Amino acid sequence: MSYVVGLRCRECGKQYPQKGVHVCEVCFGPLEVEYDYAAMKGKVTKASIEARPRNLWRYRDLLPIDGEPKSGHHSGFTPLKRAHNLERVLGVKELYIKDDSANYPTWSYKERVVSVAITKAIELGYDTVGCASTGNLANSVAAHSAVAGLKAFVMIPHDLEQGKVLGSLIFGPQMVRIQGNYDDVNRLCSEIADKYKWAIVNVNLRPFYTEGAKTFGFEVAEQLGWKLPQHTVCPTAGGTILPKIYKAYKELISLGLVAESQAKIYSAQAAGCNPVVEAIRAGRDLIKPQKPKTIAKSIAIGNPADGFYVVHAVKESGGWGEDATDAEIVDAIKLLARTEGIWTEPAGGTTLAATIKLINSGRIPRDESICVCITGNGLKTVEVVQDELAMPPSIPAKLDAFDAFISNQGHAAAGRNSGKPLAVPA
Amino acid sequence: MAVKVRIPTPLRQLTNGVDMIETPAGDIAQVLQHVCQKFDGMDKRLFKQPGELNRFVNIYLNDEDIRFLENLATVVKDGDDVSIVPAIAGG
Ligand SMILES: Cc1ncc(COP(=O)(O)O)c(C=O)c1O
Ligand SMILES: [Zn+2]
Chain A
1 MSYVVGLRCR ECGKQYPQKG VHVCEVCFGP LEVEYDYAAM KGKVTKASIE ARPRNLWRYR
61 DLLPIDGEPK SGHHSGFTPL KRAHNLERVL GVKELYIKDD SANYPTWSYK ERVVSVAITK
121 AIELGYDTVG CASTGNLANS VAAHSAVAGL KAFVMIPHDL EQGKVLGSLI FGPQMVRIQG
181 NYDDVNRLCS EIADKYKWAI VNVNLRPFYT EGAKTFGFEV AEQLGWKLPQ HTVCPTAGGT
241 ILPKIYKAYK ELISLGLVAE SQAKIYSAQA AGCNPVVEAI RAGRDLIKPQ KPKTIAKSIA
301 IGNPADGFYV VHAVKESGGW GEDATDAEIV DAIKLLARTE GIWTEPAGGT TLAATIKLIN
361 SGRIPRDESI CVCITGNGLK TVEVVQDELA MPPSIPAKLD AFDAFISNQG HAAAGRNSGK
421 PLAVPA
Chain B
427 MAVKVRIPTP LRQLTNGVDM IETPAGDIAQ VLQHVCQKFD GMDKRLFKQP GELNRFVNIY
487 LNDEDIRFLE NLATVVKDGD DVSIVPAIAG G
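These protein sequence lines map, in sequence, to chains A and B.
Under my numbering, the final residue of the first sequence carries the number 426; numbering is consecutive throughout.
Under my numbering, the final residue of the second sequence carries the number 517; numbering is consecutive throughout.
What the hints contain is simulated information worked out from the structure, not anything from laboratory work.
Each hint should be verified, as a subset may be incorrect.
Here's a subset of chain B near chain A, in silico, CB distances under 8 angstroms, partners left out [what the hints assert, rightly or not]:
id : residue
1  : 434
2  : 435
3  : 493
4  : 511
A quick note: this is a predicted structure, and the numbers were derived from the prediction, not measured.
The C-beta atom is built at its ideal place from N, Cα and C for all residues, glycine as well.
Pulled out of the complex, with its shape left as it was, chain A reads as follows (with noise of 0.2 angstroms):
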């Protein structure tokens, strides 16, 4: 049983039925999913979702999905690891890892929007799929493609990371690579979803695959005993998934299953592209667009259309935005890696930088709970630390040749610092 009534536009309200259209007809305001709520009440319980497997279709009453999913059936419900060992280091009580590294089976947060997107794409009867991608979505696509048994065409940046678009050829989609910043690819994949009968997931199927990002935010509830971080970070590229954690936290609260709390909600962004951030710092709405220049490619969407939305829901909640260099994304990369055994991508590193600094400016108390969205791994990403570890040196097989390595190497052989120190945040 399905609780959608339908689609809505964002801006002025028009309603449309359920159909493969992503722009409001009248405004080109952005169409949302409307589910009847009242409908759910009693029926959607803490039960009902404990009830469910462990993956994020247990939460499949709040998704838009008319039958059986059709793909993730493993994805999703990843862990939630309370970081003690960066409490230590940061100095603060109460701190969260939400590791979608460990995101089943490309290892990103866009499983959860691709989960959705291809079951729908199946019940709207497209036999093509395709994206626009800063790398992790078309992984993502090509994976649950494949299985779904769908074709799939994705689209990305020309100049990605190597486990970026290795990550999906391996799948066999047709890949594409455009000669262009994302933003040039977006843009061409809205002429290609307009003139080719094609599923573009993040474009005509945008209202339905957008609301998959809400499951990060249910699992963050559900997994600390159903309750609210006082203080969420998240990262932002083009603006979906921190407005769609905000909107879970307040479906649960508006179903009764979590305490009202002011949870507030933070966009992290690179410096080298901080459209979002820029807004909010100067109390703008309207997002000027920038022409992307860091290391943290997935993330670099210089002309975010949803980014309006993230404003509103950072402001909303009492939150703020925090951007960061490549040298601090780096650095968090390395430090996450060294306290909790997490080896995140720079969009992870960006969170967790952005995270210290406003940590270290006094806008998140150090005595209140914060969760830090980790949404990529950095297995894909190799480029970004492969300057800053040094290859260590090869010996013969011979102990007293161990012996004297040891000896030369004197105390550093233990510690975990080979390489650049890292800067330990104030």
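Fit chain B with the ligands to the known structure of chain A by using the hints.
Quick look at chain B with the ligands alone, frame taken from chain A:
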């Protein structure tokens, strides 16, 4: 030669399916004005109020977003391509 203006799918109900029209050169404001005069209802789709585009309407001159240029005052020459593109998000 003239200026080519590309109309995206969501606006083609207003244009009887026409996906491209030609207008005289000028600036972006004048070019869009021309499009609005030609098709009933277009004005409301593109502009929030006179001189201010709707938040979800992006205009490109050749391959550049006009917000990187001079916005509505950007000069458009004969042979240029103007595209109206609904904003979309991605990842
Ligand atoms: C790893 C990772 N984190 C975060 C994001 C942020 O995405 P958005 O703001 O578009 O939801 C992306 C988008 O591509 C991503 O790949
Ligand atoms: Zn509308």
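A quick look at each hint next to the structure:
1. 434: Holds, about 6 angstroms.
2. 435: With a closest approach of 4 angstroms, the residue 435(B) hint holds.
3. 493: holds, 5 angstroms
4. 511: holds, 6 angstroms
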